[in-house]
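K.L.:
One line per chain: the protein sequences are A and B, in this order.
Counted from 1, the first sequence has number 537 at position 537 by my numbering; the numbering is strictly sequential.
Counted from 1, the second sequence has number 627 at position 32 by my numbering; the numbering is strictly sequential.
Treat the hints with caution; some may be incorrect.
To be verified - One side only, chain B facing chain A, incomplete, derived with CB under 7 Å: (1) V621; (2) N624; (3) G625; (4) M628; (5) D665; (6) F780; (7) P784; (8) K788; (9) L794.
What the hints assert, rightly or not - Computed cross-link-like contacts, EDC-like style, restricted to lysine to aspartate or glutamate with a CA-CA straight-line distance of at most 16 Å: (10) K701/B - D740/B; (11) K627/B - E480/A; (12) K742/B - D718/B; (13) K643/B - D665/B; (14) K627/B - E6/A; (15) K627/B - E551/A; (16) K615/B - E551/A; (17) K790/B - D35/A; (18) K645/B - D676/B; (19) K782/B - E551/A; (20) K252/A - E60/A; (21) K790/B - E32/A; (22) K662/B - D684/B; (23) K790/B - D329/A; (24) K597/B - D744/B; (25) K662/B - D35/A; (26) K790/B - D665/B; (27) K627/B - D665/B; (28) K792/B - E652/B; (29) K788/B - E93/A.
By construction, these hints were calculated from the structure, which means they are not laboratory data.
In this text, a Cβ means the ideal position worked out from N, Cα and C, and glycines have one as well.
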Amino acid sequence: MLKRREIDFQIFEMLEAERLCAQPAFLSQDRETIDAILDSAQRVADETFATHAALADAEEPQFVDGRVRMRPEVQTALKAFVEGGFMGTSFPEKLGGLQLPYVISQVINWIFSDANVGTAGYPFLTMAAANLIQAHGSEEQKQRYMLPLIQGRWFGTMCLSEPQAGSSLADIRTRAEPTGEGDYRISGTKMWISGGEHELSENIVHLVLAKVPGQPAGTRGISLFIVPKYRLDDQGQPGPRNDVSLAGLNHKMGYRGTVNTLLNFGENGDCRGYLIGQLNQGLAAMFHMMNEARIGVGLNAAVLAYSGYQHSLDYARNRPQGRTAGQRDPSSPQSMIIEHADVRHMLMRQKVYAEGALSLCLYGAALVDRKHLADSAQQAAELECELSILTPLIKAWSSHYGLKANYWGLQILGGYGYTRDYPLERIYRDNRLNPIHEGTNGIQSLDLLGRKVLQNQGAAFRLLMARIGETVSACTGHSELGEFASQLHQAQMRVLEVTTALGKVASGGDVATLLANSWTYLDMMGHLVVAWMWLRQAVVAQVAMPQASAEQDYYTGKIQACAYFYRWELPQVEMQAQQLMAMDASILQMAEEMF
Amino acid sequence: MKALVPIKRVVDYNVRIRVKGDGTGVDLNGVKMSVNPFDEIANEAALKLKEAGVISEVVVVTIGTAKAEDQLRSELARGADRGIHVVTDEEIQPLQAARILAELVKRENADVVIAGKQAIDDDNNQTPQMLATLLDWPQATFASDIKIDGGKATVQREIDAGAETLEVDLPAVISADLRLNEPRFIKLPDIMKAKRKPLDKVELSEFDIDVPKLEVVSTSNPPAREPGRMVKSVEELVAALKDKGLV
Ligand SMILES: Cc1cc2nc3c(=O)[nH]c(=O)nc-3n(C[C@H](O)[C@H](O)[C@H](O)COP(=O)(O)OP(=O)(O)OC[C@H]3O[C@@H](n4cnc5c(N)ncnc54)[C@H](O)[C@@H]3O)c2cc1C
Ligand SMILES: Cc1cc2nc3c(=O)[nH]c(=O)nc-3n(C[C@H](O)[C@H](O)[C@H](O)COP(=O)(O)OP(=O)(O)OC[C@H]3O[C@@H](n4cnc5c(N)ncnc54)[C@H](O)[C@@H]3O)c2cc1C
């Protein structure tokens, strides 16, 4: 139940979701309706998703006679999910959705991913595909392909990666040749495709990046295609196979409930694809949707961090082991391990990483909604700008520190944490994916420093600093929070100094030096931004506390956690700032042969 | 045929409740509240009978604070046709609840009451029985299966020795046990539709509930269980039990 309390805090108290939902653009929903929706989500998640999380992990999907065989519980759960109306929650009502704010749809995602992240992968991908068609597809494509996705009749995939091209999509080889009939003949191999083949839905809609021959090399020659598993007849019903075949399955460390495939397109020269949007604009269209997909990945990482925290907290309260320092009597009963200071540190680290990441991801999700509601084009552009610089931080910081949180959670369970009898081992393996997919964390750091921070003369960076500054100003001089505000301000000044210095290196054209320590830069920025999130949480807790006599512990815990982050985590910014100011590119002098 | 289904707002079954420091009751501040699970089962049973064409209207009733409307809406979203909310901040005890329900049954001309066998907050297991008595209707409690045909209900009941089957003439009061069914999930579009379903608010003052009430003197946690002790033989066990005055 602590989890629901945390959801309520993050969305209703931190992000004023009640006001957001009340907007006509979101059909003026009241708090009671949102509560009822989340209650229903929790029920379906508890009774159909959570019940097979360990099973689907233990028995991952198998490749049998060219088909995928998986646990039947996955299908039952997804049927309940679709019938419950959870598929298109953030889509407009006229398309069959509920027109809920994006941030609410992300909380629904939280509830299902917490219960079973592998099974939750299918709707997650399906919504991403529907989103993309909504943004870039023609009216006809929306009718024929997007609606069945929103209705949950068909599922979707994202086909970007290939065996030889993961981070570097410029080097994809999948080809799309015009047939002369308005569509394209697709040929090539896609690797790592989540949900690429299964019998969970009547059809699968693949969104495929491919190159049309004769177009520019590299990313400027990439286009995006709809490639259905079954071609549609005139009524829009699935007809014959479309020459997409399953070449094999990847056997993974985690997220084992989400089948991961190697797919061959056009082995028999008969795979049809339909261009979405403009020719050669495929990557742009894909990246347009990337912000939201990356919030989703960051949130998944944060959710897994939080799940691990909850499990280890429960364990720590119930595991008697040893006696507290100072208790010398060996015949005295053992203490619960939560009483040991070292275990409390492990709990606290998880709390600050998990709840810090949750608030960062949901803040990002709320930016999507605020952008939607913006009064002017300029306001929308500003919000987009803020979101674009936060996105790599949301994705990479949450997945890096989310995994660290799981490390500490598992540690609290001691030897039991290392076994499959407790969920932490699985959660840890699941969460290991999040630093890798949707652009590795290394690539995120290049995106942050090489693009988002420095582009447009640092406009996005300045905007973000101004936002942090607003929180600092509001807390300056406050008896309890003023100290945090001044530390945050100091850290902010250091980050500014480093960024200015790196900007000079960039204008000098020394890209190698600029990017040599990009991860350290992301790590530093992430800590700054999460420190900001913690101060925001402390402010809300401070204000709420006097009226909430029964919840003193909950709110005091928030303020304690904020203090902990400032005491034990934020100082890292100063150390990293020093390293970055040194412009140390010595790693480049460690030639390949020297390793 | 019209069915009346009483619904109670109770502390969610997942919550680990805490007794208030001064012993005046359970601390409900900031605690998650839900529909009593047995009432969900009762409503589900009524809805199934409606789908089978046996019942034509399902009316859900709650007696409670303004917030209890959330639970009533929840059961409307599950599929009930209409709601009645008797609004009160007063703590209602079983006999009072039974009296209010009896009055509503008469007003509504209901043919059957399907209720949860008990509420998980105070676990009284009294209201359906009292209601049947006040109405002078037959009752079938702890139902694990209900069939209605030709003015009679055939009810399988859970009893200590297993199960027994009873036949009662309608109108009757039936109370639902855990294994009667698994309540369906509530669909999001139905939550939206439930907002527009009719819901009548009724004042408590319309009912005669002036009956003696139980007075709660104090509330406390059950005593902590004492650690067990292994004994080597039956003789030792008997001696130990005698020692404690248990045999
Ligand atoms: C479980 C799972 C599910 C996936 N689902 C999908 C899916 O549904 N659809 C899809 O299209 N893809 C999917 N992927 C693919 C995923 O997006 C890629 O794995 C990821 O983009 C990395 O590509 P790669 O594995 O080829 O690694 P590489 O690109 O080979 O990278 C290897 C390492 O080199 C680093 N590196 C690479 N290039 C650079 C550079 N220029 N500068 C600095 N460092 C660099 C990377 O950071 C990384 O650490 C999935 C992957 C996994 C594991
Ligand atoms: C794969 C595997 C192989 C193993 N092989 C062997 C073997 O061959 N032989 C053998 O004898 N054992 C073996 N072990 C047991 C292993 O040594 C124990 O798991 C380990 O000592 C921790 O004990 P525990 O699991 O009971 O955790 P606990 O002692 O319950 O510890 C749980 C958590 O509480 C913390 N904690 C506990 N007490 C205190 C305290 N006083 N102060 C602060 N923190 C505290 C711990 O640091 C830990 O984080 C093995 C374990 C595993 C997982």
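K.L.:
So which hints don't hold here, by number, going up?
P.N.:
1, 4, 8, 9, 10, 11, 12, 13, 19, 23
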